[in-house]
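Engineer: Okay, here's what each chain looks like letter by letter:
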Amino acid sequence: MSISVEQVKHIALLSRLELSNDEVNKFARELNEILSYAQQITELDTSDVPLTSHAISLKNVLREDEVRSSLSNEDAIGNAPDPEAPYFRVPRVID
Amino acid sequence: MSLAAKTVTQIRQLLKEQKVSVPEVVADQIKRIEEVEPKVCAYRSLDTENAVAQARKLQAQIDKEGYPSDQPFFGIPVALKDNMCSVGQLTSCSSKILENFKPPYDATVVSKLKAQNAVLIGKTNMDEFAMGSSTENSAFVKTCNPYDLNCVPGGSSGGSAAAVAADQAFASLGSDTGGSIRQPASFCGVVGMKPTYGRVSRYGLVAFASSLDQIGPFSKSVEDAALFLEAISGADPHDNTSVDMPVPSYSEEMKKPVKGMKIAVPKEYFAQGIDPEVKAIVENSIKELEAMGAVCEEVSLPHTKYCVSTYYLIATAEASSNLARFDGVHYGYRADGAKNIVDLFSKTRAEGFGDEVKRRIMLGTYVLSAGYFDAYYLKALRVRTLIKQDFENVFKDYQAIITPTSPSPAFQFGAKTADPLEMYLSDICTISVNLAGTNGLSMNAGFTKSGLPVGVQLIAKPFDESTLFQVAWNLEQALDLNCKPNL
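Protein chains in written order, with our numbering: chain A, 1 to 95; chain B, 1 to 487.
Rather than coming from a laboratory, the hints here were simulated on the basis of the structure.
There may be inaccurate statements among the hints.
Straight-line alpha carbon distances no greater than 25 Å define the calculated SDA-like cross-link-like pairs of lysine to any residue that follow [said to hold, decoys possible]:
id : chain 1 : residue 1 : chain 2 : residue 2
1  : B       : K267      : B       : K396
2  : B       : K388      : A       : S47
3  : B       : K267      : B       : E277
4  : B       : K358      : A       : Y37
5  : A       : K59       : B       : S321
6  : B       : K102      : A       : A80
7  : A       : K26       : B       : L421
8  : A       : K9        : B       : D336
9  : A       : K9        : B       : K339
10 : B       : K305      : A       : L31
11 : A       : K9        : A       : V93
12 : B       : K347      : A       : E84
13 : B       : K347      : A       : A80
14 : B       : K347      : A       : D22
15 : B       : K358      : A       : E23
16 : B       : K267      : B       : N393
17 : B       : K255      : B       : E17
Could you build all of it, start to finish, from the sequences and the hints given here?
Structural biologist: Written out as structure tokens, the structure is:
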């Protein structure tokens, strides 16, 4: 299974990464190399093997639905690139 | 010996007996940093003014009330990896996208250290977002191995390892997702350990792969590492993946003898590709353990060869999700000249992230995308179960496992940067431990002919760090290696 340049462009769009043509070609080569190596896991028979998405067997760790203090608004926008207290300013989202 | 060259345990004894003061310790630490930092470059940022002010306050407390017996890190300068949040201190993950980020909250490990009045002296250099095995992926500075300045310190916690090796911190914290504490510990000749997943809270650790990340200590001695783990362990309501189990006194439990203990030697870790000097040094450690009455036997961890593939499918998938938050909106770098919101995201991330980060985000996105999800991601999760079962099977009959930490000693800058896959394969001995969720420790076991440190890795059952430290401490006493780099 190899990734085409078109697929790399699609993945770049999904991951919101703007890439030049040179970069697309470079990443295509590198991703293909890594995926070719990773192919080896397909040789294993895992038909009866359950998934491990989590290393320890914790399930549904809950807490009481109580209101607790969080970050102050001032702290929350403290690192914002373009704050307009109490908001974060961004380019137009809806046309 | 200068103060900075001592261990945490030694310095604490001197402070307790009032033979030295906290300001003297901090001053000597800063002097040492100024002396060697131009060569080593372990730090991303330093907070020395606050450290000096804090030292005076802490000494005033000691003068009035004596050294507190319940705060083992009181007055001790320690360093944090640049991916751990501390209020008002620059935390950049060695990435341009967080270059000026000052967190508004403390990581839980930081809160615990502050409660003990440790002196948080600075943030150490790392591979960007913890993605790398050499610290060469830092967007800012190059950290050099204190034992050979032409060699890498390992990664991704290279700065934290180098700082301790060069006596620029008494101890430090790193993070380990696939070996990022243990491998640099091996390359820099210090102790580095990754606790069992869930032992230490991840709250405030900038996430790379949430099912694999753990914070752990670097130190100059096994005893210091045990003390540090005691200080940072425990359940945390801010981290639902932290486990509510008691924290033993590791520093006491480790002093039991290893006589009669059964230690497994997995043959797959000693196969082709391992440097002969590394093999010889690890085999010597095995002999030392046997001389103390431990029984070391060959075993098999049959799915070892699939570990790197499995890891790079799971970790990158998780990373692609975790790094989606870096979009130029709420914090961090924002690109100029964006035409619309999507353009803002794409330009910001393209300009803010380095190549390795982009590579992993894209690999993870691909693996999770429709059409490939079953074949890659779900398949990897099943292989992960097989890898975990390999360890469970061995731990039925053995209390610990011993392996090399890395197939080679520290390599030269640029040696593995041309081929990403080659860099990934240098994690081959450590990755399995993260996938299985258990604990691992690397400690110096010897030096190559050219003077590079070589670590031996010990692995114990999940939540059995007591046994891990027990084997490590006994081995440390037997090897009796007391070496400092020539800086």
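Engineer: So which of the earlier hints does this model not fit?
Structural biologist: Hint check: nothing fails, all pass.
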